[in-house]
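Residue numbers (the numbering used here), protein chains in the order written: chain S, 1 to 421; chain Z, 1 to 421.
All clues given are correct.
One copy or two, either will do: identical chains are not told apart, so a pair holds if it fits within one copy or between any two.
DMTMM-like cross-link-like pairs, simulated, lysine to aspartate or glutamate; straight-line CA separation at most 20 Å:
no., residue 1, residue 2
1, Lys287, Asp273
2, Lys287, Glu264
3, Lys287, Glu297
4, Lys22, Asp248
5, Lys141, Glu281
6, Lys378, Glu161
7, Lys141, Glu297
8, Lys22, Glu281
9, Lys7, Glu63
10, Lys43, Glu297
11, Lys213, Asp250
12, Lys134, Glu314
Hints listed in this document are in silico derivations from the structure and should not be mistaken for laboratory results.
2 protein chains.
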Amino acid sequence: MKNNVLKIGIIGLGVVGTGVVKTLSSFNNIKIQTVAVRNLNKKREIEIKNLTDDPFEIANDPEIDVVVEVAGGVNPCLEVLKTAIKNKKHIVTANKELLAKHGDEIFSLANENNVTVLYEAAVAGGIPIIGPIKTTLRGNKFNKVMGILNGTTNYILTKMEQEGLSYEECLRQAQKLGYAEADPTNDVEGFDTMYKIAILSNIVFHKKIDCSKIYREGITHITISDIACANELGYKIKLLGIAQRINDNDERLDIRVHPVLVNENSTISKINDAINTVLLEGHPVGKIMFTGPGAGESPTASSVVGDILAIASEISYTDTILPSQRVNVSENAIQEDILNTANSYFMSLDAPNTRGVIGIIGSICAVNNINLQSIIQKGIKKDNTALIVVITEKTLEQDIQNAKKELEAQNINVENIIRVI
Amino acid sequence: MKNNVLKIGIIGLGVVGTGVVKTLSSFNNIKIQTVAVRNLNKKREIEIKNLTDDPFEIANDPEIDVVVEVAGGVNPCLEVLKTAIKNKKHIVTANKELLAKHGDEIFSLANENNVTVLYEAAVAGGIPIIGPIKTTLRGNKFNKVMGILNGTTNYILTKMEQEGLSYEECLRQAQKLGYAEADPTNDVEGFDTMYKIAILSNIVFHKKIDCSKIYREGITHITISDIACANELGYKIKLLGIAQRINDNDERLDIRVHPVLVNENSTISKINDAINTVLLEGHPVGKIMFTGPGAGESPTASSVVGDILAIASEISYTDTILPSQRVNVSENAIQEDILNTANSYFMSLDAPNTRGVIGIIGSICAVNNINLQSIIQKGIKKDNTALIVVITEKTLEQDIQNAKKELEAQNINVENIIRVI
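Extracted from the complex, chain S is given alone in its bound form (with noise of 0.2 Å):
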């Protein structure tokens, strides 16, 4: 740093790469040196004095003293973020994907080389969560953190409750938009929230955590008439990264995704449209709450460009990086098994309309120790069969699979199982 005066490079120009150059115009200790793209000749919005096509020029230029990647995905951006590092650059990232994946090796590189690595951008956009954790909440013992992450499953939930549209007209809706790609299998499937809430967890609970691990499951299967009898019982369907402890101060963590029925009266269930939001329960806090835009240009850029910023005044006085910025890499957790854990669960059941099918189930699950909050016949279609909707108490994850088994068996089809909070 010369003068004053921070060099970065950018890889990546595409909405949020765009959103990190116009909102820094307004700081003049940040210098833009180069920035990649994909495509050189790509007619854009704003104008790069010195663009490039080639990534590792930047991470090996010399000038350069922080590399901000904001192209997503993991090739070619591991191996260039691991030239970067090597050449003692800073990194500021807001890739999810190549963070949850492969975190632990570029956190290990930056110790090494004595360079910071900052994400705030990777996980809910706009909203400040990662730097309180680490900052202003350090103090605390995490039992849980919990969220709607993705804004683009949130946006198709909402328009399908709202205007009673299917699954695939809503996600046609959200691809006009703009708020889901053509290929939307990121998103809807859940992978998106899952590498939000791998990088939540790891910096929540202090370990690495294995993505593989992480029950996974997205929104492709919900129905309306899922959300419409949902609705009925006093619930909203939402698609959440949960990850907790399986008991408190037990070190085994429980960490999934899915879709979830929570109840209408509670904070998160009035969280709609693309925004995101994040709940953090420990102690000595308590329960905090933090809401607002997930993605897009702007709040996406606030976050890079604090970030930017926080390497900006700490190396302005210092000329190095304090080593309280970096993240420590730790042993690895203890994730439980989804079978292991206890969950109230609504079942959506397609049974032959005949008389003691509600018999029928109600054995299956008492055999296989589910207690039943509910038990209700909601219609019958018109091949005779009938909608049954089924709500249980806390129950293991197992004994629900096992009944979802037997009840096959029986013809009784188990059309959707969704958990209950």
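Once you've looked at the hints, dock chain Z against the given chain S.
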């Protein structure tokens, strides 16, 4: 700081001080050297080795690195902290009154002496808000900060609405539960909220704020009739601290504390009991909201301990605090008089039950440039006067005050005026 152990002195061992001592017991890099209390002989929940009734003993102890002030009030805290700062001690304080009234003097002195003053606990208890504004969100230009900043008054208003009890009865309940003090003036007259919105305005708008220019109104005049009328019209009543630019990019600030009718569908209307919430609007981040416990032993201790650990972490590496942690003292804010601001208003009127009275009200409003959204007669009282409720469109405060005088000259008593957002 010797052997990587930070020595602190604590001033005040009430609810918050006790929470801080308990929380610090799990951090072996922090040593509590001395605690200053008012009464040495009082029986206490926790045992402290070194107690003193002279806070200056702490301010002058060369062994102590950080003075933690959780006593409250201006005297003797101002002189104690000034002495500590001159002795090169860092400060962590939860004292909103002191910072709102004398922050300028304290921060200037801290800058001269190269020490830091942290105060996360002074606003919204356990909710991280000072830290995020000064770090993650520092790339933003804010237009507004607003919130429910006082748990006591929010508890009283919630009870009044939910149980239909008078202000006096709900205050008594709050006092019984320890939510309100024997002399509740500081909370119920809006002083506490005023100090907090002054502190927030300072860091959001980077200006010195003059508390004496903040319009302040408490909740003591709110009746259950006001709450019932508001509910019928689709509103809840909340005591808010509000600070906003008169227009976007305008340097003139509109800062005030008063009860507000908020739409029943807004998220802020759902914040009940002693919970606090802070809303920020800025660019590029958009709108974000922080919600959580605003007071109490544990939540406030979370913020105080977060600040202590921040100082420990910084000086363990550099043995001096970074200037970036310090607050910039800057120019005076231009604070607009509330008479020049425009608001919607709810007015409850006590009018003679005579033909033509609604016409008179309508005419007086029209003459004073007030457009009415609705005017409803709510019933006839025993003394043959009518309760009439008026909701106006956006109107200058000066015009409302003029209309009030003219209405009263016509024997139409203006029982309450509450602003609407």
